[in-house]
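Visitor: Below are the chains, spelled out letter by letter.
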Amino acid sequence: MMNSFKLSELSESTLVGRDIGKITREKIQILLKEHSEITIDMENKSSISPSFLDEAIVMLVIEYGKENFNKRIKLININNGIKNLMNTILHDKLHRSSM
Amino acid sequence: MTFSSEDLNEFKIKDNDLVCTTNFVKPVHVVMMSAIHSYSGRSATFSKSRSAEYAYNMFYHKPLDIDTIDGLNHSKAIKLRNQFDDDSQVIKIMNIFEQNNYLDAETNDVLQIILAEIFQNFYAHADYEQPPICCVQDWKTSDFIEIAIADKGIGINQSLKEVLKDYPESTNACRIACDNGISCSLNKESKIGTKHSGYGLYFTKRFIEENEGGLYLFSKDSCYVNIPTGESDVILPYQWVGTVIRLVINKNKCVHSETFFKAISREQEGDSYDEFF
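Chains as they are written, first to last, in numbering that gives the first Met the number 0: chain Z, 0 to 98; chain Y, 0 to 276.
Everything labelled a hint here was simulated from the structure, so no lab data went into it.
Misleading hints may appear alongside valid ones.
[Said to hold, decoys possible] In silico lysine to any residue, SDA-like type, Cα no more than 25 angstroms apart, as pairs:
(1) Lys-250/Y / Asn-79/Z
(2) Lys-82/Z / Ser-96/Z
(3) Lys-91/Y / Asn-43/Z
(4) Lys-21/Z / Ile-90/Y
(5) Lys-21/Z / Ile-153/Y
(6) Lys-5/Z / Phe-276/Y
(7) Lys-5/Z / Met-93/Y
(8) Lys-82/Z / Phe-275/Y
(9) Lys-21/Z / Tyr-122/Y
(10) Lys-261/Y / Leu-74/Z
(11) Lys-5/Z / Asn-107/Y
(12) Lys-82/Z / His-94/Z
(13) Lys-82/Z / Asn-100/Y
Please model the entire structure based on the sequences and the hints provided.
Guide: Take a look at the structure:
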């Protein structure tokens, strides 16, 4: 059963900064304990900082692995700039971890 | 408007007060003068009556709720709130670009991402009681918009203290701060899952280069300038307690987000770029 959540509902504040990103990630982790699969609606937002995305979303890919992330989390309505940014952060993180 | 670091030299200290000698008032002058006055209570004045008159007409000090320049209270500098609890300041700046159709939607997206990180960083490093001050100006007849932010925070030298230990003493901390992932090395515990990643200033620098705009970053005695003619280290005749950033955005040069972010990823040679998201 899929369960859909808006990004703005998962964050108490603006989508900026590591601290808020971490709190958002922890909320997603709780949802993943309750549901086998979830959908996160990114609401086409463009005012999201790299550090928030790193902490809230990219860290989940690192934690769960790409395949498992894809099985359990579906991201929809991603702004094109945000999508490109997340790909770059993930690429950067994987590059650093392999060094 | 021309790119010049000379603007940063248009200050002098007289009887412990700040005097700005410029003929052409720009946001960087306004935030520095406002910060000096707001944070230390020292006087900040223009030496040229024409500049003071211009600042008066532009209402530069009204939202600051302070008496500056001529003892009156008028300004359009923005004194940021004590907490970055919403993104209204970034939205206000983006409205200037969107309402005037200066850049395309993709470029606006990248710029908004960059500004969100910069503003957040200023809040994270600024003194809680003395929040950052921002000033933005759009010269309608110019190709550029200037955004300046000043704070009295811990400064770049102090925040990168551990990283700078590995560099020669003469290293320009502001230049190093704009390198890719520089603050990531502050995290000793692991290479991933870190507290810092150093994306903010690095993405900003790369955006400014693609946009053919200008980045001026100074803190304490370090000053780094990146303008279309190249990068340089500038020696200032004063020291700034905290950090000042000045972004000059080219209204006529778009930055394609996919090309921009992919280019950054491909700088890491030998890796394939995986479009996971």
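Visitor: Does each hint hold? Answer for all of them.
Guide: Hints, one by one, checked against the model:
no., hint, result
1, Lys-250/Y / Asn-79/Z, "holds, 21 angstroms"
2, Lys-82/Z / Ser-96/Z, "holds, 21 angstroms"
3, Lys-91/Y / Asn-43/Z, "holds, 19 angstroms"
4, Lys-21/Z / Ile-90/Y, "holds, 23 angstroms"
5, Lys-21/Z / Ile-153/Y, "holds, 24 angstroms"
6, Lys-5/Z / Phe-276/Y, "holds, 17 angstroms"
7, Lys-5/Z / Met-93/Y, "holds, 23 angstroms"
8, Lys-82/Z / Phe-275/Y, "holds, 9 angstroms"
9, Lys-21/Z / Tyr-122/Y, "holds, 17 angstroms"
10, Lys-261/Y / Leu-74/Z, "holds, 20 angstroms"
11, Lys-5/Z / Asn-107/Y, "holds, 23 angstroms"
12, Lys-82/Z / His-94/Z, "holds, 18 angstroms"
13, Lys-82/Z / Asn-100/Y, "holds, 23 angstroms"
Hint check: no violations occur; every hint is consistent with the structure.
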